[in-house]
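Chemist: Working from the sequences, and respecting the hints, build out all of it.
So the sequence lines, in the order shown, correspond to chains A and B.
If you're matching positions, the first sequence starts at 35 in this note's numbering and goes up one per residue.
If you're matching positions, the second sequence starts at 670 in this note's numbering and goes up one per residue.
Because the hints were derived from the structure by calculation, they are not lab data.
No residue lacks a Cβ here, since even glycine has one placed at the ideal position from N, Cα and C.
You may find that some hints are simply not true.
To give a feel for the contact side, a few chain B residues facing chain A, derived at Cβ under 7 Å [what the hints assert, rightly or not]: (1) Leu772; (2) Arg780; (3) Glu841.
Residue-level listing of the chains:
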Amino acid sequence: MLDILMGAISLGLLWAVMTIGVFITYRILNIADLTVEGSIAMGAAIAAQGITMGMSPHAATLLALIGGMTAGLVTGLLHTQLKIPALLSGILTMIALWSINLRIMGKANISLLRMNTVYTQLETLGLDKVYAVIIIGLIVVFALITCLYWFFGTEIGSAIRATGSNPHMVRAQGINTNTTIILGLIISNGLVALSGALIAQSQSYSDVQMGTGSIVIGLASVIIGEVLFGKKNFYGRLISLALGAVTYRIIIALVLKMGMPANDLKLFTAITVAVALSLPVFKQYLLPLRKSYKGVE
Amino acid sequence: MVKDVCKTFHPNTVNEQIALYNVNVRMREGDFITLIGGNGAGKSTLLNCVAGVYGVDRGTILIDNSDVTRLPEHKRAAVLGRVFQDPMMGTAANMGIEENLALAYRRGLRRGLKWGITRRERELYREQLKWLGLGLEDRLNDKVGLLSGGQRQALTLLMATLKKPKLLLLDEHTAALDPKTAQKVLEITERLVKENNLTTLMVTHNMRDAIKHGNRLIMMHEGRIILDIEGEEKKKLTVEGLLRRFGRISGEEFANDRALLS
Ligand SMILES: Nc1ncnc2c1ncn2[C@@H]1O[C@H](COP(=O)(O)OP(=O)(O)OP(=O)(O)O)[C@@H](O)[C@H]1O
Ligand SMILES: [Mg+2]
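Modeler: Right, dumping it as structure tokens:
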């Protein structure tokens with residue numbers, strides 16, 4: 035049981051990085067960006083191929099981050115310069131990345147067994163891989179949250195936040211919303227690819243299929259984080275995202291343990307997200323009900 | 670300052686709409702122009718062309734003698750202050766009052782990785798909000814989404830003038846408010862314009878307000894300017910007189926649902 039829990043926490047921390055990326059587009063920019071499905075697999079592909087070719091794991095991970103940022107840039111340019119709707123721009127990049135990822139890897143998947151990864155150093159100190167992943171995951175997540183908290187408090191960061199809230203006002207205040215949207219997409223997809231690189235190294239393989247459905251997992255984590263852990267200030271919101279991602283993994287581990295077939299996972303996640311997203315609608319119906327009950331008492 | 674606007678504007682729809690037809694306005698520095706006209710006369714279009722929301726088909730737009738005709742909206746914003754009809758348009762609802770002000774305070778400046786708001790600014794904002802007299806000075810961190818329409822418009826006005834604009838564009842910024850709040854916001858507008866000696870172009874649907882405020886009144890009809898009255902002549906204007914002159918020039922009844930109601 036402890037093994038399962040630790041496994042879920044370690045995986046959750048790595049997916050937290052991706053969740054923060056999804057949060058930046060979905061909540062801050064107010065865009066549902068499907069690029070992430072491609073950029074998470076791209077991060078994994080670049081890291082795996084880099085390591086296989088003899089790069090240091092850290093350099094390969096950094097390269098993955100840059101690859102993801104490029105993917106975000108492409109979506110941003112499609113959307114802002116060619117005026118393709120954001121959703122479609124993301125889908126186009128995602129589809130393109132499928133072929134690109136296959137080219138990067140040269141095949142559908144790469145095994146990283148017995149290769150050096152970013153976790154190897156801690157493992158050689160005698161740590162189990164799970165704990166090595168948890169430690170690295172915690173370091174990365176907290177470093178990220180700190181950086182992003184700072185960044186979104188700066189002049190540029192504030193402009194990006196305002197863009198998602200009201201682009202008219204942002205332009206009226208002399209800010210180029212094309213720039214802020216592109217910047218947001220770059221940061222988001224960079225983080226998603228970083229997450230993909232870390233995940234591939236923890237599970238010791240990279241697969242071109244890895245991104246399928248990841249946007250839904252990201253959204254589920256965002257929503258679970260917001261519902262369960264509140265969202266007071268920006269720092270708290272970022273922390274709640276990480277907690278949401280970990281909680282999601284624990285929930286999944288538990289339902290699998292209780293005997294749900296792994297193939298039903300995506301259905302389960304989709305239903306969870308649909309229910310969570312429709313909570314406001316349900317509340318509308320339930321609140322008057324509850325009030326009228328109280329009235330009767 | 671001389672501003673010279675002259676342009677034709679066809680939105681490229683199937684049923685082509687001529688919204689502005691050879692419009693010429695030469696504003697002098699310190700002018701406070703009220704702009705009035707029926708529904709679809711082209712008032713909003715004119716303001717949007719000046720602000721760069723739409724490009725123009727023909728003609729040039731000069732602000733302070735520099736040609737801005739080809740400049741994108743966000744670049745022109747450096748010298749423009751704008752308040753919109755919809756109170757939602759001018760502010761970012763899920764950001765705080767001070768965050769909104771801080772965004773406006775940097776209008777026209779390069780934005781970098783400096784912290785988005787400084788302590789010294791906060792004092793300035795508090796002072797300015799106090800000056801509005803709406804009790805917002807104690808709510809710097811409140812989300813703007815929590816404010817009433819009137820409070821939002823007052824805040825947007827403050828944001829538009831925090832960095833003194835060369836031209837203040839107000840597009841029916843009191844139309845969505847109840848009469849009492851509208852008067853309050855108009856009074857704030859008047860004070861802001863006077864105190865900062867702002868060159869202002871204010872669209873209003875209310876003839877009485879158009880006569881009462883400003884030193885110059887322009888009336889538009891079907892994309893053209895049909896009246897341009899200033900100085901002593903404007904001071905003597907009455908609503909009836911204005912309606913009569915409109916009827917004589919256009920040969921029609923004045924058709925603005927909101928103006929007739931007020
Ligand atoms: N984006 C647009 N696309 C197509 N037609 C437009 C657009 N904006 C305005 N128009 C048309 O241009 C004409 C002028 O509209 P405009 O909004 O400038 O009028 P207005 O004087 O502001 O009227 P109101 O008092 O109703 O606000 C109208 O016929 C309108 O239908
Ligand atoms: Mg209008």
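Chemist: Each hint needs a verdict: does it hold in this structure or not?
Modeler: Verification of the supplied hints:
Satisfaction of the interface hint for Leu772 of chain B is found here, the shortest Cβ-Cβ separation to chain A being roughly 5 Å, below the 7 Å cut-off. Interface hint at Arg780 of chain B: satisfied, since its Cβ lies 4 Å from the closest Cβ of chain A, which is below the 7 Å cut-off. Violation of the interface hint for Glu841 of chain B is found here, the shortest Cβ-Cβ separation to chain A being roughly 15 Å, above the 7 Å cut-off.
Checked against the numbered hints above, the structure breaks only hint 3 and satisfies the rest.
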